[in-house]
Amino acid sequence: MTAGRTTYSQRRDGTTHFEASNTVTNQTSNLQNLVDQARSFGPVRVAVVDAAQAVVIETLREAHALGIVEPRLIGDAGSIAALCEAHGWKIQPDWIIAASTDEASAAQAVKLARTGQVDAVMKGNVHTDVLMHALLDKEHGLRVPGRRVSHVFVVEVSTYSKLLGITDAAINITPDLNAKAQILQNAVDLFQLLGVQQPKVAVLSAVETVNPDIVSTLDAACLTLMAQRGQVVGAIVDGPLAFDNAISHRAADAKGIVSLVAGDADILLVPDLISGNILAKNLEYLANAVAAGIAVGLAVPVVLNSRADPAPARLASLALAALMHHRTPKSPAKPEVSETSLISAPQPEHACCPLNA
Numbered sequence: 001m002t003a004g005r006t007t008y009s010q011r012r013d014g015t016t017h018f019e020a021s022n023t024v025t026n027q028t029s030n031l032q033n034l035v036d037q038a039r040s041f042g043p044v045r046v047a048v049v050d051a052a053q054a055v056v057i058e059t060l061r062e063a064h065a066l067g068i069v070e071p072r073l074i075g076d077a078g079s080i081a082a083l084c085e086a087h088g089w090k091i092q093p094d095w096i097i098a099a100s101t102d103e104a105s106a107a108q109a110v111k112l113a114r115t116g117q118v119d120a121v122m123k124g125n126v127h128t129d130v131l132m133h134a135l136l137d138k139e140h141g142l143r144v145p146g147r148r149v150s151h152v153f154v155v156e157v158s159t160y161s162k163l164l165g166i167t168d169a170a171i172n173i174t175p176d177l178n179a180k181a182q183i184l185q186n187a188v189d190l191f192q193l194l195g196v197q198q199p200k201v202a203v204l205s206a207v208e209t210v211n212p213d214i215v216s217t218l219d220a221a222c223l224t225l226m227a228q229r230g231q232v233v234g235a236i237v238d239g240p241l242a243f244d245n246a247i248s249h250r251a252a253d254a255k256g257i258v259s260l261v262a263g264d265a266d267i268l269l270v271p272d273l274i275s276g277n278i279l280a281k282n283l284e285y286l287a288n289a290v291a292a293g294i295a296v297g298l299a300v301p302v303v304l305n306s307r308a309d310p311a312p313a314r315l316a317s318l319a320l321a322a323l324m325h326h327r328t329p330k331s332p333a334k335p336e337v338s339e340t341s342l343i344s345a346p347q348p349e350h351a352c353c354p355l356n357a
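Numbering (the numbering used here), first residue to last: 1 to 357.
Because the hints were derived from the structure by calculation, they are not lab data. Glycine included, every Cβ here is placed at the ideal spot set by N, Cα and C. Treat the hints with caution; some may be incorrect.
[Claimed, not checked] With a cut-off of at most 25 Å between alpha-carbon atoms, the simulated SDA-like pairs for lysine to any residue come out as follows:
1. K255 x H325
2. K200 x A221
3. K281 x Q53
4. K111 x T101
5. K200 x V210
6. K200 x K255
[What the hints assert, rightly or not] Label-pair ranges, simulated between beta-carbon atoms:
7. A254 x Y285: 24 to 32 Å
8. V233 x D176: 30 to 38 Å
9. Q198 x P329: 15 to 23 Å
10. E85 x E139: 47 to 55 Å
11. G256 x F41: 29 to 37 Å
12. G78 x V207: 50 to 58 Å
13. K111 x A65: 25 to 33 Å
14. G67 x R307: 24 to 32 Å
15. L177 x E85: 37 to 45 Å
16. P329 x D244: 31 to 39 Å
17. G67 x V215: 40 to 48 Å
18. G146 x T174: 20 to 28 Å
19. R39 x Q92: 18 to 26 Å
20. T209 x E85: 57 to 65 Å
Take these sequences, add in the hints, and give me the full structure.
This is the structure in structure tokens:
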């Protein structure tokens, strides 16, 4: 498959359109495919935490027009109503839910999700730590027993032939081997929901050989073996791989690397939050990539973008959340919350997963 150069543009009616110069058949080759797939289902009810931001309202207006979402706009009611009017968006009166503070907005969104009144949560103009504190609250949050909470960027970059997952670049700070296995499984499960039956995962480090002085190479080798023995399921995993080997056949061939993953990775498992965050933002700001962001491992999908992200990234993130909701098998039992809670975000390891998991 050849890579197609993809950009997004704003139509005269204000809507977002992702444009690809080459025709590709892979259902996950670009973000427009995900938006189109999400449109084929009914709208999901999304609680937006602190919705009083122009780009948030712009995104939701478009997502609603496309039939992807039915919003619940939480925050300062007057500001939200004024922004909707400014964007020419006539909304239902009960779509606005007043909340006086960011903390109250986040708590209200979580309550709506816990009681089944919304299907997903979206970060608006609120700090991540405030939202994550509510999501992971010991008594009232959306934790699921035995599940680690992690984040996946689904990135479209013009020089790569398909969407690229990057995990975890937003929640887990310095995951150990056990945590990385759970983060990896979360990302694999997500890509399978998106239609990639057996994702190829590159476990990244600075080099492609095992070096006892570089812990991430040891973790990568262990994760590769764990996948071969069924401890991580549904994916082809290889590592350690340097970034160039993971996404470039030419680089892998030059270094004599024989791998089913090298040069064709669907998912990049990064060593830690810092390296992953730098990688994702580097692609976004220097390579014109569009990065959709989603938090997984909770009772409902959570759209978790940067407050600086443009509307196209947010629209694609909403499409991800919609596909997760529609394609995740529904459990008859209500999820229980785990015993851990969040102090701040990005979160420490003990806050991401129960210690006995």
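Quiz item: Is K255 close enough to H325, meaning Cα to Cα at most 25 Å?
Solution: Answer violated: K255 to H325 is near 42 Å, above 25 Å.
Quiz item: Within a Cα-Cα threshold of 25 Å, do K281 and Q53 meet the stated pairing?
Solution: Holds, because 22 Å separates the two Cα atoms, which is no more than 25 Å.
Exercise. Hint says 50 to 58 Å; check whether the CB-CB distance for G78 and V207 agrees.
Key: The hinted range 50 to 58 Å holds for G78 and V207, with Cβ atoms some 56 Å apart.
Quiz item: Taking the CB of L177 and the CB of E85, does the distance hold inside 37 to 45 Å?
Solution: 52 Å Cβ-Cβ, so the 37 to 45 Å window is violated.
Quiz item: Is it true that G67 and R307 lie within 24 to 32 Å of each other by Cβ?
Solution: holds, 26 Å
Quiz item: That 20 to 28 Å hint for G146 and T174 (C-beta), does it hold up?
Solution: holds, 21 Å
Quiz item: Regarding E85 and E139, is the given constraint of 47 to 55 Å on their beta-carbon distance met?
Solution: violated, 38 Å
Practice problem: For the range 25 to 33 Å, tell me whether the beta carbons of K111 and A65 fit it or not. | Solution: holds, 28 Å
Self-check item: 30 to 38 Å as the expected CB spacing between D176 and V233, which holds or is violated
Solution: violated, 20 Å
Self-check item: Restraint status (C-alpha distance of K200 to V210 at most 25 Å)
Solution: Judged against 25 Å, a Cα distance of about 20 Å means the pair holds.
Quiz prompt | 25 Å Cα cutoff - pair K200, K255 | solution = Given that 25 Å is the threshold and the Cα spacing comes to 20 Å, the pair holds.
Practice problem: Take the C-beta atom of Q198 and the C-beta atom of P329, compute their distance, and say whether it sits inside 15 to 23 Å. | Solution: holds, 19 Å
Hint compliance for this structure: hints 1, 8, 10, 11 and 15 are broken, all remaining hints hold.
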